[in-house]
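K.L.:
Given next are the chains, with one letter for each unit.
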Amino acid sequence: MTQLNLDQGQIDRARESARRIAHRVFDDMSQYTTTTVERATLRLMGVDGVDDNQIPLPNRLVAHLQEQKLLQHGAAAIVAGAMDEYGLSAQQVAEAVAAGKLVLGRPKNDKAARQSAEAIAAKMCEHIATQRTVRAQQIEKVGEARTPWLYLIVATGNIYEDIVQARAAAEQGADIVAVIRSTGQSLLDYVPYGATTEGFGGTYATQENFRLMRAALDEVGAKIGRYIRLTNYCSGLCMPEIAAMGAMERLDMMLNDSMYGIIFRDINMKRTFIDQFFSRMVNAYAGIIINTGEDNYLTTADAFDAAHTVLASQLINEQFAWISGLKPDQMGLGHAFEINPDLENGFLWEVAHAQLVRQVFPEACLKYMPPTKHMTGNIFKGHVQDALFNVVSTLTGQNIHLLGMMTEAIHTPFIQDRFLAIQNAKYVFGTMRDLHEEVEFRAGGRIESRAQQVLAETVGILGEIEKIGLPAAIGRGTFADISRTMDGGKGLDGVIAKSPDYYNPFPDLMLAGAN
Amino acid sequence: MTQLNLDQGQIDRARESARRIAHRVFDDMSQYTTTTVERATLRLMGVDGVDDNQIPLPNRLVAHLQEQKLLQHGAAAIVAGAMDEYGLSAQQVAEAVAAGKLVLGRPKNDKAARQSAEAIAAKMCEHIATQRTVRAQQIEKVGEARTPWLYLIVATGNIYEDIVQARAAAEQGADIVAVIRSTGQSLLDYVPYGATTEGFGGTYATQENFRLMRAALDEVGAKIGRYIRLTNYCSGLCMPEIAAMGAMERLDMMLNDSMYGIIFRDINMKRTFIDQFFSRMVNAYAGIIINTGEDNYLTTADAFDAAHTVLASQLINEQFAWISGLKPDQMGLGHAFEINPDLENGFLWEVAHAQLVRQVFPEACLKYMPPTKHMTGNIFKGHVQDALFNVVSTLTGQNIHLLGMMTEAIHTPFIQDRFLAIQNAKYVFGTMRDLHEEVEFRAGGRIESRAQQVLAETVGILGEIEKIGLPAAIGRGTFADISRTMDGGKGLDGVIAKSPDYYNPFPDLMLAGAN
Amino acid sequence: MTQQITENWVKPYGDTMNDGRVQLSFTLPVALDENAKEAARQLALEMGLDEPAVVHAEDMGQGFSFYVLYGQCKHRVDLSRIKVAKPEFETLDKDAINALIAEKMGRKMVVLGACIETDAHTVGIDAIMNMKGYNGHKGLESYHEVRAINMGAQVDSEDLVARAIEEQADVILVSQVVTQKNIHLDNLTRLSDLLEAEGIRDRVILVVGGPRISHELAKELGYDAGFGTKSYAEDVASFAIHEWTKRHAA
Amino acid sequence: MTQQITENWVKPYGDTMNDGRVQLSFTLPVALDENAKEAARQLALEMGLDEPAVVHAEDMGQGFSFYVLYGQCKHRVDLSRIKVAKPEFETLDKDAINALIAEKMGRKMVVLGACIETDAHTVGIDAIMNMKGYNGHKGLESYHEVRAINMGAQVDSEDLVARAIEEQADVILVSQVVTQKNIHLDNLTRLSDLLEAEGIRDRVILVVGGPRISHELAKELGYDAGFGTKSYAEDVASFAIHEWTKRHAA
Ligand code: B12
Ligand code: B12
Ligand SMILES: Cc1ncc(COP(=O)(O)O)c(C=O)c1O
Ligand SMILES: Cc1ncc(COP(=O)(O)O)c(C=O)c1O
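Protein chains in written order, with the numbering used here: chain B, 771 to 1285; chain S, 771 to 1285; chain E, -4 to 245; chain X, -4 to 245.
The reader is advised that the hints may include incorrect statements.
To be verified - Interface residues of chain E toward chain X, partial, derived using beta-carbon atoms under 7 Å: (1) Tyr8; (2) Phe21; (3) Ser75; (4) Glu85; (5) Leu87.
Treat the hints as calculated values from the structure; they're not laboratory data. Computed from a predicted model, the values in this text were never measured in an experiment. Quick reminder that beta carbons are idealized off the backbone N, C-alpha and C, glycines included.
Let's have the full structure, built from the sequences with the hints guiding it.
P.N.:
Structure follows, in C-alpha cells:
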C-alpha cells in the first residue's frame, strides 16, 4: 500500500478554507445570470437550429430578449408565456422571433407561464434522466474497463474522420474518447450547428457532432464489449449550452473547470463563475463526470514549484462541485505529470504529488494528465516519459488516465501515435498490475516529506485566498502565474443582473434530482 | 530500502552446495591441460604472430609439441629449454619451429628450463601488474562513473568503424564499451591476428584490435573525464588465450562463464572446465571483472520458470571464481530482465529476481542484462521495455547495466540506437536517483514471496546437482533446457592428460599475486 | 581565380559510412495481410530505400495497419551547396543591446508582441517578452532600453495593427504555435496584408516565432525574420537593433 | 469477358485519408548545425516527402547528429496489383497431417533440420522441430508420422548434406537468424550449391526459415519455401506433405 502519512487536520483545514472561498463567490454571483445560461435554458426547452446566417436560434432569441430588456427576468417564463399565448413550441417561438414575425413581452399570466416552463423543463429532465439510465444499462450490459481508464483524444477537425479514429482507438483499448475542440471555439459566443468537417487542432463541439460520435461509440462498444465514454469541452463562453447539449446526447464526461476560462482564455470572472455553476448543475443531473483543468497550471508555471496551487485549486473545484450537486465519483479533479525530466529525483516528486491528491480525495474520480510541456520532438525519449507517467498512474491508483503521446510537441495525434500510446499503457498497467499493493514509501522519507510540504503550502495559500477572496487572489496571479481582474476579460457584456422576479425552472428540478 | 526478508540459512546452504559442486569438478579436472591453455602460456611468454597461412604461431608451436608427444609435460619448460639452448627468444623458437628449422625435445636441464620459464613468466606478470596499476591511476586521474555503469556494445565487424562508434558512445555517456565478437569466432580453435575489418554480427577479438580500442577509449576517456572500461569475450575454444591477450592489453572486463561454452556452443565439458579455470586465474591477476552468462538461460528457457537456475548457476560461477582467485568485486554475475511482457505482474517478478540476486551477492559486481527475447520489431514498445528494465536496475542497485536497444530484434546497434538507449537510461536513473532508498516492499507480499520461492527452489536444485555432480546435471538439461555429455561437443581433442611432471609457471605466480 | 567548392556528399549513417540506414514508420489504411505488408515495402522502395525491411507489422483494427521499416537510403545531399538563410546579426548580451539601442536610436525601442488570431499559446511569446524570461534568459521587459508590450493570447490582427500605430511600434513580434492544417500561414499572411493595407509595413520590423517557424519560412511570408525553438530575448533584440540600424543607415 | 481489376491505391495515413504522413529517423555523419538540419530536410524531400519537418535534431558528439522527421509521402501503391508469392497449401492440424503422411507416403517422413554455418540461433529451429514446440504449438518430434532430426547449431553445410544422404531425408529445414552483411545469403547459396553438386537437390524438399526470411526470398535463392516469424510446425509440415504429394503425383 502506497499510503503516505498525512496530517488529517491540515487536510480538513484546507478543505474548510476552500468551502468558505467557494461559497462566498457563489453567494456574490447568485444575483446574476448570463446570456449563455439563458441560451442553455432555451436549448433545454427545445430551441435549436440556426438562421440563414448560421446564427443559432438560442442566440437570436436571447438577443431579442436583451433588446426588449426582458432577459433579467429569465428567458424561460417569457418564452413559455409566448408558447401558451400563440400555441407554439419553443422552437416555433424562436423561429418566429428570428423571422421578425414575433415580438416578445412579459407573459400575460406569469404564474401560468412559469408552470408551463416548469412542465417543459420537467420533460427535458426526464429525457436526461433516461439517458442516464441508458448509460447505466449499457454499462451493465457490455461492461466497462477497470481503472485507470484509458482516455484518448481525437482532433482531426472533421467529425467523420474523428469517428474513424475513435472507433479504431476503442478497438485498440481506449476506454474514453475525447473530441478536442477546434482552436478558438472557446471564445465563440455561440455554439456552431450541425455536423462539421473543418476545424483546426480539433473539431467543433456541436450537438450533431455529439450525436454522431455517441452513436459510433455505442456501436463499437457493443462490438468489443466495453462501454466507451465520450468526452467534450464544457468550457469557454458557452459552457452552459454545451452542458445542455451533452446532457441531451449522453456525453459521459466534460472538461469543466471553475477557473480555467478566467485564467487561460481571459474570460471574465463573473461570467465564468456564473456559467460554471449552471453547467455543473446540468452535468451533475446528467451523471456526467467533470474534468477540472489544474493540469494547465503546470504547463505555464513550474510543476514542482506550483504543486500546491494544483491542490488548492482542486479543493476549490471540489467545493464548487458540491454546490452544483456533483458527487465525488463525478469529480474528475485534474493534475499532471509535468516535472522537468532533467530534475534529479523528479519521479519521486511526481509520485508524491499524485499520491497526495489520491489521499486528499479518496473517492474522487481523479484525472491524471500526461507530460506535455517537457515533451520534445524526440519521440523516442517522449515515449519513455509517457511510460513513467503510466507507472505513477497505476502506482497511485488514478482513475482517468489521459494517454501521453510521443508526438505531443509535434502535432495532434496520428492514428499510430494513439496505437502506440495504448500499447505503452497496457504494457505498464499489466506488468505492474498489483505493484501498488506491494510498494510502501519510507516513513519520513523524501516522498512522504514532499507530500507533507505541498499539503502545508496548500493550507497556507488557501488561508491567504480566503482572506482576500478568490477574485483578488486570481488578480495576484496565484494560479499559473497569470493575473486577471474582476471586470477584465471577454464576455462581461453577457452578465446580467437578475431582477427580483428572475425565474428559471432548472435549478430546482436538477439540484433536487441529481442522485 | 528495498531489502527483502530472506532466510540466511538457505543462502548459506545453497552456497555450501555450490562450493562442493565446483570443487569436485576442479579436482577432477586438475589432471588435464588443454591445447589452448598451453597456447595461452606461450603467448604470455611472448609468442605471437602468424605464419604464411595465417595460422598463429602459438598454434603451430603447440601442434608441434603434440606431434612430438611433449605437450603433456607443459609447453613452458620445453620452450624455455630451447630458448636457453639456442639463445633464442620464445618468439624466435616459435618462428624456427614454424619454419621447420627446429624440432623441440625435452630440455637438457629440466630444472634450469623451469627456472627460465618462471623468470619469463614473472616478467609478464610484472607487465600485467603494471597494467593494473595504470588502470587504477587512470581512474584516480580521470574519475569513473557511478553505478549502474552504462554498458554498450559495438559490433560493426570493422575495428575502425567500431572505434568511431565507441568514441561517440563514450561521449554520449557510455561507461563500458564491449566489442562483440564476430559470429562463430568462439568455435575457432585459434585467435585471429592483427587489425580486422570483416566480421559478421561482431568484430574479431584479436590482440591488435584490443590495443587499438584500448588506445581510443583512453583518449576519449581523458577528454570527457571518465575512465571507459573495455570489454571482450573470454569464451569459446580459446578462452585462456583471450584472457592472456586481454591481460596484456588492459581490458577491464571479460565475458567469462564456467558453463556457457558447454551449453550454448556445444564445447566439450572437460575442455571448458579446464580452460575457464586458467582464464579466470589470468583475469583475476589482471584485475579484470568477469561477466558470467546466466542471462542466456533466459533467452532459451522461460524467464519466470527458470529463475532458480540463474541463481544456482551464479552460485556455481562464484565458487569457480573463488578457486581462480577472483574477488567479489571482480564477479560480474549475470542475470537478465527477460520475463514475457504479457505476463501479468511480470514487473514484480523482475524486481523480486533482481533484488534476490542483489542480496545473495551483496558485494558482487552484478551484471544486469536487458530484454532481448521478447523484443520485437516494434521499436517503440521495445523502448518502453528497456525503460522498465532501467527502472529495475536502479531500484535494485545493479552494477553493470547493459543497455537495451529498441532494435534488439532487428540488427546489431546503429549509432542512433545506442544514443537513444543512453538517453533512456540517463533519464530513468536521474529522475529515480534515490528511489531505491524510498521504496520498501510489503513484508510477506508478492515480491518477497516470489524471491523466497526462487531461493528455496535454488537450494533444492543445487542439492540435486550436488548429488549427481555437475556434469550429470548438465546432461539432464538443468540449465537452459539444453543437455550435454562429458565426451560430446567440440574441442575434446584439445584436452590432454598432464604427465606427473607437468609444469606451468603461471598458476603459482598468479594465484599468489592476485590481490 | 575562381573559388573551388569541395563537394561534401552526406548520406544517413547506421553503423558504416554511407550505408544510408534510415528508420521509417507509418500507418496504412488497410487491414494487415501479406499484400499490405508488401505495399509498405514497395512504398519504401519508392522513397528510394534499398533493401527495405518491414521489421514490424501490426493490425490496428478498423481497417488500419502499422509498420516499422528500415532501409538504405539511396539519396544523398551535397552539404557544400547548402547555405541556410539566417538573419544576419551577432547575438549580443543584454548590456550590449541596451547600449546599442541607446547609441543608435537615442530612445527606447518599442516592441509589441502577441499570439495572433485563434492561437492562445502564450508561453513562447512570454518567454521572449516578459520580465521572467525562459531558461535563465531574461525577457525584453527587463531591458531598460526596450518598451515591451505583450498583448497576450488570441489577439485579432486588426487589434494588433491598431495598437502598433497607436504605440508607434518599432518591432512587432508574433507568435504562432498551432500549425495544424497550416492555419499559421493564413494567420501570418493576414497580418502582413493588413500592415501593407495600413501602409505601415515598412515602418516596422516584423518578426515571427514559434516551434515550427524557420527564418526561411518567415522570409517567404514577407517577414523580416523568423525564430524557432530555443530562441531567447537577446536573439530577437540583437536582430531588431541590427535591422533598425541597417535601415536607418542610409 | 475480361476480368475488371479495380485499382486500389494506398498511401500512408496520419489523421486524414491520403495525407501520406510518415515518420522518419536517421543519423547524419556530420555535427549538428543549421545546414545539417537542412540536409536532413532535403533528404526527406528526395525521398518524396512533401512539407518535411525536422521535428527533432540533436548533436551526438564525434561528428554525428540525429534527426526525427515527419512528412507527407507523395508515393502511393496500387494494392490491386500486389500479389505476394505464398507457398500454396492449406495449414492442417497435427492429426490431419499425420493422416495425410500415412496415406500418401505410407511411411514416416524424414525431416532433417539445422542452423547452418556460423549461425547458432537454435531457438527458432527448436520451436519447429523439438517436442516442446513454441507458443503452445508442438514441434515435429511430436508427430508420429515424422522422423525429426535436429542437428542444432552451427552445422557445416557439408555435414548437413552428408547426413541428408545418410538418412535419406525427404525434407531439409534450415534456420538462418543472423543476417548482418547478408551473411545468410552466402550461407544459403552455399548449401543449395552443395546439394546440387551432390545431385540430391531434386530429391529433397528444401525449406528455410527465420525472422528475416520471406517466401519470396527463399524462392529467389532456389529454395522450395521460406517461413518467417510466427511460423509453427504445422505450417511447415503441411507445406512439406503438400509439396511431396504434388511431386509424386505424376
Ligand atoms: C502549454 C500548451 C498549451 C497550453 C497553453 C498555455 C499558454 N498560456 O500558453 C494550453 C493547455 C492552454 C493549450 C491549449 C491548446 N493547445 Co497546446 N500545447 C501546449 C504545449 C504542451 C507546450 C507549448 C509551450 O508552452 N512550449 C514552451 C514554449 C516556451 O515553447 P515555444 O512556444 O516553442 O516558444 C519558444 C520558441 O518557439 C520561440 N518562440 C515562440 N514564439 C515566439 C515569438 C517570437 C516573436 C520569437 C522571437 C520567438 C518565439 O521562443 C520560445 C522560447 O524559446 C504544446 C506541446 C509541446 N510540448 O510543445 C501543445 C500544443 C502546442 N498545443 C496544441 C493544441 C492543438 C492545442 C489546442 C488547440 C487543443 C485544443 N483543441 O484544445 C488548445 C487550444 C489553444 C489555442 N487556442 O491556441 C498542439 C498544436 C499542434 C499543431 N502543431 O498545430 C500542441 C503541439 C500539442 C499537440 N501535440 O496536439 N496548449
Ligand atoms: C536468443 C538470442 C541469442 C542466443 C541464442 C540461443 C540459442 N540457443 O538460440 C545467444 C545469446 C546465444 C545469441 C548469440 C548471438 N546473437 Co543473438 N539473439 C537472440 C535473440 C534475443 C532472440 C532470438 C530468438 O530466440 N527468437 C525466438 C525464436 C523462436 O524466433 P525465430 O528465431 O525468429 O524463429 C521463429 C521463426 O523465425 C521461424 N523459424 C526460425 N527458423 C526456422 C526454420 C524453419 C525451417 C522454419 C520453417 C521456421 C523457422 O519459426 C520460429 C518460431 O515461430 C535475438 C533478438 C530478438 N529478439 O530477436 C538476437 C539476435 C538474433 N542475435 C544477434 C546476434 C548478432 C548474435 C551474435 C552473433 C552476437 C555476437 N556477436 O556474439 C551471437 C552469436 C550467435 C551465433 N553464432 O549465431 C542479432 C542478429 C542481427 C542480424 N540481423 O544479423 C540479433 C537480432 C540481436 C541483435 N539485435 O543484435 N543470440
Ligand atoms: C477545463 C478546460 N477547458 C477547456 C480546455 C481546452 O481549451 P479550450 O479553451 O481551447 O477549449 C482545457 C484544456 O486543457 C481545459 O482544461
Ligand atoms: C559468457 C559468454 N560468452 C560468450 C558470449 C557470446 O557468444 P559467442 O560464444 O558467440 O562468443 C556470451 C553471450 O552472451 C556469453 O554470455
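K.L.:
Which of the listed hints are not met by the structure?
P.N.:
Hints 3, 4, 5 contradicted; others consistent.
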